[in-house]
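We have chain A; now place chain B onto it with these hints.
Same order as they appear, the protein sequences are chains A and B. According to this note's numbering, the residues represented by the first sequence are 63 to 337, in order. According to this note's numbering, the residues represented by the second sequence are 63 to 337, in order.
Honestly, the hints are just simulated from the structure, not real lab data. Hints should not be assumed to be uniformly reliable.
[Said to hold, decoys possible] PhoX-like, lysine-lysine: derived pairs with alpha carbons at most 25 Å apart:
hint : chain 1 : residue 1 : chain 2 : residue 2
1    : A       : K308      : A       : K255
2    : B       : K263      : B       : K308
3    : A       : K113      : B       : K333
4    : A       : K333      : B       : K113
5    : B       : K305      : B       : K263
6    : A       : K308      : A       : K263
[As the list claims (entries may be wrong)] Computed beta-carbon distance windows for the label pairs:
hint : chain 1 : residue 1 : chain 2 : residue 2 : range
7    : A       : H328      : B       : A259      : 45 to 51 Å
8    : A       : N194      : B       : M249      : 37 to 43 Å
9    : A       : M249      : B       : Q294      : 53 to 59 Å
Quantities reported herein were computed from a predicted structural model and do not represent experimental measurements. Note that CB positions come from ideal geometry on N, CA and C, so glycine has one too.
Number of protein chains: 2
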Amino acid sequence: MADDARRTVFFISDRTGITAETLGHSLMTQFDLDYEQVTLPFVDNVERAAKVVEQINHINNNGGPRPVIFSTVIQDDVRQVLKDCNAAFFDFFDTFISPMEAELGTLSSHAVGRSHGVGNRQTYDVRIDAINFSLNHDDGLTTHHYSDADIILVGVSRTGKTPVCLYLALQYGVFAANYPLTEDDLMETRLPKVLQAHRNKLFGLSIEADRLQSIRQERRPNSRYASLAQCQMEVMRAETLFKREKLPFVNSTTVSIEEIATTVIHERSLKRRVH
Amino acid sequence: MADDARRTVFFISDRTGITAETLGHSLMTQFDLDYEQVTLPFVDNVERAAKVVEQINHINNNGGPRPVIFSTVIQDDVRQVLKDCNAAFFDFFDTFISPMEAELGTLSSHAVGRSHGVGNRQTYDVRIDAINFSLNHDDGLTTHHYSDADIILVGVSRTGKTPVCLYLALQYGVFAANYPLTEDDLMETRLPKVLQAHRNKLFGLSIEADRLQSIRQERRPNSRYASLAQCQMEVMRAETLFKREKLPFVNSTTVSIEEIATTVIHERSLKRRVH
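Looking at chain A on its own, in the form it has when it is part of the complex (with noise of 0.2 Å):
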């Protein structure tokens, strides 16, 4: 039983646990084992920290593989005490910070917390201002601010424009519009006039059409939007469109939210507002 159970691998923070689990992901998706996820954020009391490893140490007595631990606990003693839990513990902390001390020649504060706070206002205000410039300049909706604009995505609808460009404004605080190329600026194969003087701020969104249409279908059943003639058909007007306009284009279908927003800010050499 214990072969075929799964792993737990627990994420323990004492805030947020997103530094936890971006770093224990990213280290496990090396491996192609399927696991069990718990993410334990706010462990910022010796208290609390007993209790999980109570928890922890329970899921070991039942015979079930080691658990394995991701932790970027910063409190002394409250890593003292998860110490004791009976798994693989990979100290994020304890691994970095004594190497780091002797390289840049100062003490670490052990001050839990900061990575996700609100850092500055100013960086609070660019990320808000951000959202609300990509909300009033979701699909097209107004065009007349295009110059504030730092970047501006392209194409059919449902290419995934508007996630890209939330995902720009919250992590990085570029001001992104988008706007959804319709069948009349599909049969003119050219730019639409209003993206003319901004033709430098472009970048394109493309996908396959099968993906598309799958998509389009979930909103509008039977529908001649979501037939897959209609969807090829747009699919292939866009990247000509792209390709003669020699705009950089991505087709979202097997890219991440995430690689699509740091390719556009790659590609089109972007300054970010938020680091």
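For chain B alone, coordinates are given in the frame of chain A:
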């Protein structure tokens, strides 16, 4: 000059750079150091790696302090080239992969770029559905699908409800609506009717009155809406309501979007659809 100059910290990745940045930021926040940040994503072949080495060694030759590198590069040949940098090199994969291989009893794939890849299609679809839900239920726009919501954020205008909802959707696939408390709601000091059936899904956002004033002032300068008296009254009444109705709430003034989102998930024991 060398002593006064700021360190340059590089985040190098063969994919998006998100993991490298998250880790590096977490560690650097432990040190009270001002530094220059350079993210170098998509370093996925030896030619590009050689250029990176040149770029980094150039900084060093100019007599500045030794650069710091946080790397999540997985490909062995690319990593090998990067090690020629004259820099403090914190190699994330090198550090953890060997002990993980020993613990898990299996070799890692050394395959690039899985951690922010598209994952499975189902995960992608959940994120998109959650974003659409959030956009459709922003700012009390519609209230009749609240039974489908995982959480409903409640607060006066401009407490940061929208970014938290979007973050919950993008990062965790959580269906998050938000409802702005109107002056009428506040005068009654009781839950609006439309929320009463969903009491277990409510989470309050509050804010310092002077911070709220400065945010509102940006949007509608010198309006009653942006006056300190109005902000104080609204915040006070909203908090009274939260307490009376025993709703959990946080003050968003000094807490980041990420922290509010993870707090909401933690306190309301929300099931994440994306891990």
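Tell me, in ascending order, the numbers of any earlier hints that this structure violates. 8
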